[in-house]
Amino acid sequence: GDSVTQMEGPVTLSEEAFLTINCTYTATGYPSLFWYVQYPGEGLQLLLKATKADDKGSNKGFEATYRKETTSFHLEKGSVQVSDSAVYFCALRLYNQGGKLIFGQGTELSVKP
Amino acid sequence: DSGVTQTPKHLITATGQRVTLRCSPRSGDLSVYWYQQSLDQGLQFLIQYYNGEERAKGNILERFSAQQFPDLHSELNLSSLELGDSALYFCASSETGSDTGELFFGEGSRLTVL
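Here the protein sequences come in this chain order: C and A.
Under this note's numbering, residues 1 to 113 are what the first sequence spells out, in order.
Under this note's numbering, residues 114 to 227 are what the second sequence spells out, in order.
Fair warning: there could be bad hints in the mix.
Claimed, not checked - Simulated pairs of lysine-lysine, DSS-like, Cα-Cα distance not exceeding 30 Å:
#: 1; chain 1: C; residue 1: LYS112; chain 2: C; residue 2: LYS56
#: 2; chain 1: A; residue 1: LYS122; chain 2: C; residue 2: LYS60
#: 3; chain 1: A; residue 1: LYS170; chain 2: C; residue 2: LYS52
#: 4; chain 1: C; residue 1: LYS112; chain 2: C; residue 2: LYS77
If you're looking for bench data, these hints aren't it; they were derived computationally from the structure.
Model the full assembly from the supplied sequences, consistent with the hints where possible.
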């Protein structure tokens, strides 16, 4: 079935380090791909998205490129800040599945000063 | 602020009881989704409604039910509660339910079953 797999956390980095969180997907159709972020004690917020192959989503210094050939949507940031500490969820959405989001298991990021 | 409103934010109840969680979608959004977030299961899709009709069903227990009303707000009813039902329940909305854009999430209702 359709699914999303993320790298396991928690991930601990020092401030200004480079971040990569791997995400791969399995889908029967052509999904839209998303990264959502959940800050401590809060709900889910959209971080970035891409709706077709080779699209790059970007926001707040984060980037991810929709790679159809490798079925991946890895999240990257060149220099993380303490305020980036949160749980990051990769997700896919399929037009022909009623439009629900299918989430990965989430990756907890902790950034130390 | 996503525009999606969920109430109550916190709820503590006992096993065997029944609770109702409420969700008001963003203005203009016709589709509502319910998700359960627990430590061991992650974010699980429960059910989706579109303009009052059930559109898709996920891993929703028979003890749980939902509906979407003519004013488009939705309620998730959880009955015969068990300890394992303790979780954060999210509601999300989208414009049509068949588009490829984002879902907008509420802040969640945290349910604790004692």
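A quick look at each hint next to the structure:
| no. | hint | in the structure |
| --- | --- | --- |
| 1 | C:LYS112 - C:LYS56 | 28 Å, holds |
| 2 | A:LYS122 - C:LYS60 | 28 Å, holds |
| 3 | A:LYS170 - C:LYS52 | 26 Å, holds |
| 4 | C:LYS112 - C:LYS77 | 15 Å, holds |
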